[in-house]
Each structure stands twice: as C-alpha cells, then as structure tokens.
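For the protein sequence lines, the chains are A and X, in the order given.
Using the working numbering, the first residue of the first sequence is number 1, and each one after it goes up by one.
Using the working numbering, the first residue of the second sequence is number 1, and each one after it goes up by one.
Hints in this document: simulated from the structure, not taken from any laboratory.
Heads up, some of the hints might be wrong.
[Unchecked claim] Interface residues of chain X toward chain A, partial, derived using beta-carbon atoms under 7 Å:
(1) A57
(2) A125
(3) A563
(4) G567
(5) E571
(6) T601
(7) M641
(8) V645
(9) V654
(10) N655
(11) A660
(12) E662
A virtual CB, placed ideally from N, CA and C, is assigned to each residue, including glycine.
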Amino acid sequence: MKSFTYERAQSPAAAAAAAARHPDAKFIAGGTNLLDLMKLEIETPAHLIDVNGLALDKIEPTQEGGLRIGALVRNTDLAADARVRRDYAVLSRALLAGASGQLRNKATTAGNLLQRTRCPYFYDTNQPCNKRKPGSGCAAIGGFSRQHAIVGASDACIATHPSDMAVAMRALDAAVETVRPNGATRTIPIAEFHRLPGNTPHVETALSPGELITAVTLPKPTGGVQIYRKVRDRASYAFALVSVAAIVQRDGTGHVALGGVAHKPWRLESADAQLPRGAKAVTAELLSGAKPTRENAFKLPLVERTLGAVLTEAKG
Amino acid sequence: MKFETPATTNPIDALKIVGKPFGRIDGPLKTTGKAPYAYERHDVVSNPAYGYVVGSAIAKGRIARIDLAAAKAAPGVRAIVTADNAGQLGKGERNTAKLLGGPEIEHYHQAIALVVADTFEQARAAAELLRVDYTKAEGAFDLAAVKGTGEPRPLFGGPADTALGDFSSAFAAAPVQLDATYTTPDQAHAMMEPHASIAAWDGDKLTLWTSNQMIAWGVTDIAKTLGIAKENVRLVSPFVGGGFGGKLFVRSDALLAALGARAVGRPVKVALQRPLMFNNTTHRPATIQRIRIGANRDGKITAIGHEEWSGNLPGGRPEGAVSQTRLLYAGANRMTATRLAALDLAEGNAMRAPGEASGMMALEIAIDEMAEKLGIDPIEFRILNDTQNDPERPARPFSQRQLTECFRTGAERFGWSKRDPRPGRVRDGRWMIGIGAAAAFRSNLLVKSAARVRLDRAGIVTVETDMTDIGTGSYTIIAQTAAEMMGVPLEKVVVRLGDSSFPVSSGSGGQFGGNNSTAGVYAACVKLREAIAQKLGFNSAEAEFADGEVRAGNRRVPLAQAAADGGLTAEDGIEYGDLDKKYQQSTFGAHFVEVGVDSATAEIRVRRMLAVCAAGRILNPKTARSQIIGAMTMGVGAALMEELVVDKRAGFFVNHDLAAYEVPVHADIPHQDMIFLDETDPVSSPMKAKGVAELGICGVAAAVANAIYNATGVRVREYPITLDKLLEQMPDVG
Chain A
1 MKSFTYERAQ
11 SPAAAAAAAA
21 RHPDAKFIAG
31 GTNLLDLMKL
41 EIETPAHLID
51 VNGLALDKIE
61 PTQEGGLRIG
71 ALVRNTDLAA
81 DARVRRDYAV
91 LSRALLAGAS
101 GQLRNKATTA
111 GNLLQRTRCP
121 YFYDTNQPCN
131 KRKPGSGCAA
141 IGGFSRQHAI
151 VGASDACIAT
161 HPSDMAVAMR
171 ALDAAVETVR
181 PNGATRTIPI
191 AEFHRLPGNT
201 PHVETALSPG
211 ELITAVTLPK
221 PTGGVQIYRK
231 VRDRASYAFA
241 LVSVAAIVQR
251 DGTGHVALGG
261 VAHKPWRLES
271 ADAQLPRGAK
281 AVTAELLSGA
291 KPTRENAFKL
301 PLVERTLGAV
311 LTEAKG
Chain X
1 MKFETPATTN
11 PIDALKIVGK
21 PFGRIDGPLK
31 TTGKAPYAYE
41 RHDVVSNPAY
51 GYVVGSAIAK
61 GRIARIDLAA
71 AKAAPGVRAI
81 VTADNAGQLG
91 KGERNTAKLL
101 GGPEIEHYHQ
111 AIALVVADTF
121 EQARAAAELL
131 RVDYTKAEGA
141 FDLAAVKGTG
151 EPRPLFGGPA
161 DTALGDFSSA
171 FAAAPVQLDA
181 TYTTPDQAHA
191 MMEPHASIAA
201 WDGDKLTLWT
211 SNQMIAWGVT
221 DIAKTLGIAK
231 ENVRLVSPFV
241 GGGFGGKLFV
251 RSDALLAALG
261 ARAVGRPVKV
271 ALQRPLMFNN
281 TTHRPATIQR
291 IRIGANRDGK
301 ITAIGHEEWS
311 GNLPGGRPEG
321 AVSQTRLLYA
331 GANRMTATRL
341 AALDLAEGNA
351 MRAPGEASGM
361 MALEIAIDEM
371 AEKLGIDPIE
381 FRILNDTQND
391 PERPARPFSQ
401 RQLTECFRTG
411 AERFGWSKRD
421 PRPGRVRDGR
431 WMIGIGAAAA
441 FRSNLLVKSA
451 ARVRLDRAGI
461 VTVETDMTDI
471 GTGSYTIIAQ
481 TAAEMMGVPL
491 EKVVVRLGDS
501 SFPVSSGSGG
511 QFGGNNSTAG
521 VYAACVKLRE
531 AIAQKLGFNS
541 AEAEFADGEV
551 RAGNRRVPLA
561 QAAADGGLTA
571 EDGIEYGDLD
581 KKYQQSTFGA
591 HFVEVGVDSA
601 TAEIRVRRML
611 AVCAAGRILN
621 PKTARSQIIG
631 AMTMGVGAAL
641 MEELVVDKRA
651 GFFVNHDLAA
661 YEVPVHADIP
671 HQDMIFLDET
681 DPVSSPMKAK
691 GVAELGICGV
701 AAAVANAIYN
711 ATGVRVREYP
721 ITLDKLLEQM
731 PDVG
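Can you build the whole structure from these sequences, using the hints too?
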C-alpha cells in the first residue's frame, strides 16, 4: 500500500471539489473493495476523501412515488428496508445473494456499484491486465476464463462486473444521482452508468473525474413477481457464474437483467419484448453475438436454463 | 519402551478418563484469544521488525537483475534479504525447491526477497519498490501433456509398482470389465492461519516461534539450510491454526525470518501473505488415474489394476494415489504403477491423507461403475470383495478390518434400502435427489514418539513432548492418557507441547499423531509409575494408581507424597518392532451422502452425510468426531469445488486467494453425522488406538460423485464436479 493523505469531506459538493483538486484521489466509504486493492497496489490513490460522514444514508420516498437510496446506505440496511422488501423484492434478494453478512454491513450502495472486477489476473500484479495497466494486454484471454464475460467483451478485456445489486437495479430501471466538482448535479440512467470495455476497460463508468454518487433512485413500483436467481459453485460467498434478475407481470411482460455474463449488468429492452415467448427467445436475443471462451461456453445454456426456471417460478 | 508384541491388559483399559468425550482442555485459551499463535508472541518478543515476502513473478528462469535501491531508501526499511546477500544456504532434506530463490527461479512466487522494516506497512510498501528483471525459461506446466515422460518413483511407504498374478491375462479374460480414467486437480491446504514465524538470535543460537506440525524435522531442516548446528536451533509451536500437511516442513517464512533477524540484529516476524500461499508453499498434486477392473458375473474381482500419473519439481515425490488399491479389495491378479513427470509448478507434497485421498476419489467411483455393470448393489459388491488379508501378501492379515460392518451399520442408519438404483428417478421439487456410498480407507502408521512426565509436590503431573496440536485435540488426549496412567483427574495434568527442547514425538501428520504420541506418553508414565512405586515402597507390578493415590493390598499413599522432597521425572518413548510387517494396520469406514442437483442449473448441494468408522480405540469420541466431521467437509470441497487452476502458459496457480480458491462454507454443509464402531487394536500400540483424522476424508468425494450419478445419471470422472460438467446431459427444463 502506498502512503496517502486523508480528509473527511464536509458535504457532497465539497467532496467532489476536493477530488478535483487531487487528481489521484479516491472516495472511500465502506472500503470493502478499495482497501483490499490498495494493499495489493492495484489501486494507488495518493489521497482519500472519506465520505462516510455525509448524510447520504437515508432511504426516502421520491415525488414520483419511488425511492431515493442514499449513496451511503449499507447493503444490509437496504436489503432489510420494508419498502424495498415489499415493492422492490428483486433488489433485496440480489443484495442478500451477495458477499457475506459482515461485508454487507459495511458495504454501501454507491460502493457496490463501483466495485471492480474479480478477474484473478486483475488481482495479480505480475500479470498483464488492460484494466489495471492500460496497454499491458489481457491474460484472461486464452487463460483461466471460467468466470468471464460471454457478451459485450472486447479484445482488450473479458472481465465481468461482480455486483448482484446492480443487476437488480438494472432490471428496476434505477438511476444514479451525482454531484460534480462544480456543484452541478445530474442523473445517469443505470443503463448508461456502467460501460462496456471496448479499448478502454480501465474506464468503467460514466462518472467524470471527481464526480460523486449521492443517491440511487428507483422509479414507482411496478409490482409483478420479482426474482433474483444466482447460480454459483458454492451455496454462499461466491460470485455468480450467471444470475438472473427478473420482474414478471401477470400478462407475461417484464424486465430481465443478467449478471456474470458481461462487463456490466446485461439487459436489452429488445429481449424483454420476447418475454411472453419464453426463455429460449429471450436468451437468443440477450446473448445474440455472444463470444464465449472454451471455458465459459457453458454459460450460454446455463442462462437459458436458469431463465427458464425463473419464468416457470414466476408463473407460480 | 519397545512395543514388539500385541498389547495385553494395561492401565489404559480401565477407561476412566481415556475414551471419554472431554472438551478440549485448551478450548478456553482459544475461545478467549489467549492461545499464543506464532505471529502474536508478544509475550516472548518485544520490538520485532516486520518482514514482507517478495515472490517471483515468473515460474522458471533466472533473475537477471534486482534493484533494491528504491526499496532500501523507503521509510523504515532496515534490510532486504536476497539470495545475493543471505550467505551460503543449504536446502532442507524435506524441501524440494529452495525456500529462497535466486538467481535460479524454480516456481512461481518462489520467495526471492524479504523486506524488513520497522512496521508491517512500511515493509509492504517498500516491497513494491523492488525492481526485478527476469530471463524467462521454458517450463512444463501441463500434466496431461508430459505424463508420457513420467518415470517410476517410489511412493511414501511403498515401491512405485507392484504386481501379483497375471493382471493382463485375467483382465482380458474377465467377462465384465471396466477401464476408465479419472483426474483429480491440484489442491491447496488453504488453512486459516498462514505460515508464520518470529525469529530471534541470541549469539549463534536461533529461536523460531513458528507454526509447524513436525518440530524435529523443522529443527533439522532449518539447521541444514542455515548451515548451523542443530543444537543451536529451537523451534516453538504450541498452537497451529490448521496445517493439513502444509506445515509438515519449514517454509520460507521461517527461513526468511531467521535471515532477516540476523541481518537487522533484532527479532523479525514474517507471515506469508495469503496471495503467496498457493504458489509459494506446497500443494496436493494433480493426478491422472487409470483403473481397470475385471470380474466374474458373480461379482468376484479377478483382476484389478491402478495406474497413476502425477507431476512434481525434479526431486519431488509422486502423489501415491495407487496405495489403497494395493490393500482394499480382494482379487488374485493385480497391478499398480506410479509414474512421475517433471513439472515446473510449485512443489507438490503431502496434503491431508496424501495418496489415499486422491486415490479413493478415483477408485471408489470405479467400484460403483463396476457394480452397475454387474448389476449388483454397490455396497454388496464391496462386501463381496472384502478381505481379511493383505491382497498382495495374503499371508499377512489385517490387525482389524471392519469394512463390512461399517457398510452394514451405515446402510441401516442412512436408509440405503430406500435408494432407487436407477439414476434420475427421485425428485423433490426442482431438486433431483441421489444417494451414494463409498468406502473409507487409510493406513495406520507407526512412528516412534517420546515424552517426559513430572510429578510435583502438589500432585500435578506435567507432560512435555514436542508433539503438536494442529487443531486435532492432542493436548486433550495426551492429558487423558497421563491422567489415566497416573490415577489423577484431568485437572491435575498439565500438557506442554510443540517445543524442540522437549522429547521428540511422532509429530502431527499422516493421522499418526494421536496413537503414537499418546503411546509415547504411556511409556513415560509407566516409567514414572515405577519411580513413584519405588519411592513409596510399593512393588510396581502390584501398585494401583487411582483417585490420586497409590494402592496395594490395604496400603494407600497419596501420589503427591512421592514428590514430597522434590519432583520426580521420567522420560521414555514408544518404539515399534515388526508388528506392522506381520500385520497390515489400517482404518476403515463407509461414507454415505445424499445430494440434490438443481434440475435447471445443475447446481449440486449436499443434503446429508454419514460416516461410519472403525479406527481402533477412540481416545476421545468428541475430538475424534470433530476430526471426521472436518475431514468430511474437506471431502465435499474436493468433490465439488476445490481446484488450483493452472495457467499453462505462465505456469502458476491462478486462483491464489481465498476468494477464488473455493472451499465449502457453512451453507454448503448440511446435517452430518458419524459413528465409531467399537474396536480395540492391540497390535497398534499399548493405547490400542489407530489414526482417525484422515480416514474421514478418504472416499467422501467419491460418495458425493456416486450420489450425483444416482441423482442425474451423469457420470463425471474429472474433479471437481462442477455444474458445467453436468449441464449438457441434464433433462430439459419446462
């Protein structure tokens, strides 16, 4: 870990402004991912801006009838919130499928969105990784790629995004509220928040330098049967091989997002349109153009089978 | 004490304390955080400097240049140890690769430097400033690709190859045949406590507070590596946070702490960083195993052959996966063969039940496959081919062998008769349900073991031996042994372990620790009883030691009185004759597993497990049960998830942390139960006990595999059995 300076931010705008003054700054909240990466010198911030003291830990109704989730709401609290459990069950279920109780107690909503890939080559600084060291190459291509992306990847990176929460948020059409160093705020639809790797896999989100997430908003509840199904090798404390977040209405329409298959939570509105036609049609659309590796080709049938089971369950 | 003829009645047989399920006497120390583990010996070392290990970034080649300047100039740095400045170093007898590499690199993450600084954080930060240029060399990293180059190498406790009768002809002539190949992957011990040591020099004398299973081996190998006299090395390891064979040998933490402490003239502590553990230390090597079985239609095996291919660094050992096949089932025509190829991955070595754990993973699937071909119940097939004699040397009986009884008891308890032998027939909602069984087998090893026992004025009996407790319960069973022998309650016994200044014990490994170390304590106690009897004027043959008294006829004297004018001490050990030549001593069991396989995703979840074990006298049913339950858990890991994934291009284990190397978590382990059959084995030792711990892992993975087959009809011969290996053959989802 490299030495760093540290400050406690007094307001969201001040935090963003402080980040703009320190080009090598990082925000720290729960630290469940950042501190690990700093110990391995995968992340080497020269300055940490602690945002834990900012009053961003509330879950409040929005004027539109949805919910605003403060950036600092801990995963445990979000999963347990009665409104979330009642109206956005897929989010609660996704959160509880992730990490461990101890980590969820500490991890925040914004931090969860910003966690970095678990690709083992990203974690080993002896190995080339375009995400960690742009231009160095990708060791996962042609290497151990069982966990890796099957859609939306590039020749520069085949990593997946590890979050469960974000997959549910994608299915729920959440939006990310931010503040920039100049004090301006904006709202980024979750669909546009995470990026595909392209030639710049180290650029993972739409955030501009210094921009701070202040909240995630959920639209007015849409009802429906809400399921989060995470498939993994062990029963707990493992990242998804694939996961399915589904919101299915009585008439068979709905939303489906996948985890574990791409650099971002994977949802195509064109695939949602196929929902009444069943899992095979949805999967064909979702995974059209998929380019799996030899080691993760099993994810294609696995997505279809898992989605099939989810849709069967949704019919009750 | 020489143990050369089977034991007759002795004071242990009273079983007032031995054989009772006492809780661990060291339990309160552990649950209150007071047990002194190696890295936290604040009680013995003040002001230590901290070492951080730097591992090689390549698997094979040379260090062309190493630039220490920036690291040396970093805050708090006191020294940087490398092969360049460490002085001449030897290599331990039990190490295959050097613990400090350079300029030659033998494997990925081989230690190439130790950065020593005033704080851990300073050492870690400075370690990142080392600039190392390598010249890479070609290496061999793919076992399947090099297996043809394998050569015969003896395995632990036996020759590379064995043969009896005419296997080839008998197999060819057999009306029912199986010829199948199975693979097991490289596996990691992945124990909780990393390898850790604190080193301090006093002149030319070195003390290492470390985490090690085999104290005397450690002393010898550290002395040899440093080129100093054994007498100048003291190892102290009273508590070990898990070993599983990974701490049988001194590793880089111990050597580098010693070199670092010498360089800075101050104690140095080193804990091997978790990401280094998987490539820096030893692991269980992968195997490819071919098994051929021929049988008559009545189910009698006529030919059984087992060949193993594994790889290791030059000079290393094979895994030894054929060893149980030499002993487990009858059959007049037999062969086993072991071939070892050179690989440039990290050193392969012992991990929990080396040989048999891997071998049983394959053999016990093969037996199930054969039973199916024969149309015989897999348990009945095993019983049909049970034997009371060493199949390769029929004149040599087993000392005790209750394999059939284990299966009968387990089948009854587990509800085996309800199993539908046709695969894929039982459903519970979305789950496909299957039941499987497998034999458990692990041999009992005799290793000499010594102890010192002292009686003091207060009637306290203190036992000292360099035996280790790696979470197994050694403290407790040794205390029980001494209490039984001296006729005192457990609270009157103090046990001190894991110090090379104590008499040399068997140590902990190969499930030989429990029986041998307590037999050594027994021997020392016999000697102490004689000294006490003499002191108090009793005929030692007639004296009874009970309730804190020595008694004979109507004379009773408090035990403590023998030490009234100073303590009495006795030292002795157990040494064995040829009883393990005359008899085959092994432990047996039967594993039963029920699994559910998700009909859509093919996720596999174990639903219940039972082991029935026959392993001689059980010295403490509670700690022994914990050993079996833990081993069963590890077997589930081997069956379903554990695999060190080899990057065959760069030559290393890619998933080198506990996030990526998956072992079972609580949610993976459902109801487990285990039963010990009544057994005493007078051939094994005066304790009439045998090894217990490793028996529990042998066969579990195959029982899981057999249950998966019963659930789904999919036979997977490549471990671990992950859902991707089932998916193609799973039924359609609605």
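Legend entry - Closest C-beta approach of A125(X) to chain A relative to 7 Å, hint status: Holds: closest Cβ of chain A sits about 6 Å from A125(X), inside 7 Å.
Inset, instruction - Could you check if V654(X) really has its C-beta closer than 7 Å to a C-beta on chain A? - result: At about 4 Å, which falls below the 7 Å cut-off, the nearest Cβ of chain A leaves the hint on V654(X) intact, so it holds.
Legend entry - Restraint satisfaction for A57(X) [CB to CB of chain A, less than 7 Å]: A57(X) check passes; min Cβ-Cβ to chain A is 4 Å, inside 7 Å.
Inset, instruction - Identify whether the interface hint at G567(X) stands, where standing means a beta carbon of chain A within less than 7 Å of its own. - result: violated (49 Å)
Legend entry - Cut-off 7 Å, beta-carbon criterion: hint that M641(X) touches chain A: At 5 Å from the nearest chain A Cβ, M641(X) passes the 7 Å test, so the hint holds.
Legend entry - Restraint outcome when N655(X) is required to lie within 7 Å of chain A by C-beta distance: Where the cut-off is 7 Å and the nearest Cβ of chain A is about 6 Å from N655(X), the hint holds.
Legend entry - Interface hint status, A660(X) versus chain A (Cβ within 7 Å): For A660(X), the interface hint holds, since the closest Cβ of chain A sits about 5 Å away, which is under 7 Å.
Inset, instruction - Identify whether the interface hint at V645(X) stands, where standing means a beta carbon of chain A within less than 7 Å of its own. - result: holds (5 Å)
Inset, instruction - Using 7 Å as the Cβ threshold, decide whether A563(X) counts as touching chain A. - result: This hint is violated: A563(X) lies away from chain A, its Cβ roughly 51 Å from the closest one there, beyond 7 Å.
Inset, instruction - Closer than 7 Å between Cβ atoms is the bar; does E571(X) clear it against chain A? Give me holds or violated. - result: For E571(X), the interface hint is violated, since the closest Cβ of chain A sits about 48 Å away, which is over 7 Å.
Legend entry - Supplied contact hint for T601(X), tested at 7 Å Cβ to chain A: holds (5 Å)
Inset, instruction - Identify whether the interface hint at E662(X) stands, where standing means a beta carbon of chain A within less than 7 Å of its own. - result: holds (5 Å)
In this structure, the hints that do not hold are numbers 3, 4, 5, in rising order.
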